[in-house]
Amino acid sequence: NAGVTQTPKFRVLKTGQSMTLLCAQDMNHEYMYWYRQDPGMGLRLIHYSVGEGTTAKGEVPDGYNVSRLKKQNFLLGLESAAPSQTSVYFCASSYSIGTTEAFFGQGTRLTVV
Amino acid sequence: KQEVTQIPAALSVPEGENLVLNCSFTDSAIYNLQWFRQDPGKGLTSLLLIQSSQREQTSGRLNASLDKSSGRSTLYIAASQPGDSATYLCAVVSGGYQKVTFGTGTKLQVIP
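Residue numbers (the working numbering), protein chains in the order written: chain W, 1 to 113; chain U, 1 to 112.
Since the hints were derived computationally from the structure, they do not count as laboratory data. Check the hints yourself; a few may be wrong.
Straight-line alpha carbon distances no greater than 27 Å define the calculated DSS-like cross-link-like pairs of lysine-lysine that follow [stated by the list, open to error]:
no.	chain 1	residue 1	chain 2	residue 2
1	U	K1	W	K14
2	W	K71	U	K42
3	U	K1	U	K68
4	U	K99	W	K57
Keep in mind that this is a model prediction, so the values were computed, not measured.
Kindly generate the complete structure, drawing on both the sequences and the hints.
Following this line, the structure appears as structure tokens:
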């Protein structure tokens with residue numbers, strides 16, 4: 001079982017460059033999430049989606065955009081990368097949010113120089 | 001605003017010891033609480049999920065309890081092993097928009 005797969009695993013960007021992180025899940029989950037993890041700050045929710053074609057802002061959405069054109073994929077975009085976006089990004093999915101467990105991808109380590 | 005705290009931030013124990021990790025939250029109106037394990041450079045692995053109506057959940061050597069009224073959860077690890085060394089995170093789902101809030105984790109080291 002693949003579960004939740006993130007692409008790429010590592011990336012170095014120059015300030016101002018753009019990129020897209022891809023998250024794919026094969027569990028037919030409705031809910032998908034993007035988090036960033038920074039030392040001493042825990043995981044913070046960037047954006048989330050409650051179903052195909054829907055997205056919503058999380059705790060720290062500025063500087064990011066997302067799309068959920070297909071149920072199995074959730075894309076996170078950085079239009080103009082900044083050093084403050086250097087972080088480890090995690091994607092997660094769940095069947096529902098109130099009653100079932102969340103499954104996480106392996107993470108994408110992004111460095112913006 | 002929900003706040004989740006995990007104390008201690010780091011813990012070192014000898015192999016074979018039973019140990020307890022703590023998680024506290026400020027808003028007791030939660031839907032569920034989940035414990036995760038994170039190995040260095042890896043993603044999060046779900047360990048146990050406790051629904052708001054439950055008091056505890058068990059999986060192998062792990063037992064998680066939930067006391068909503070006091071805003072606390074504990075993760076009990078029996079007979080610890082070096083392979084248990086990792087960072088343990090708790091997360092609660094709460095609020096009208098069912099927001100997920102994570103603690104900052106407890107880094108556990110089990111010494112052989």
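Results for each hint:
1. U/K1 to W/K14: Given pair U/K1, W/K14 is violated - Cα atoms ~35 Å apart, limit 27 Å.
2. W/K71 to U/K42: 25 Å, holds
3. U/K1 to U/K68: 16 Å, holds
4. U/K99 to W/K57: 11 Å, holds
When held up to the earlier numbered hints, the structure conflicts with hint 1 and nothing else.
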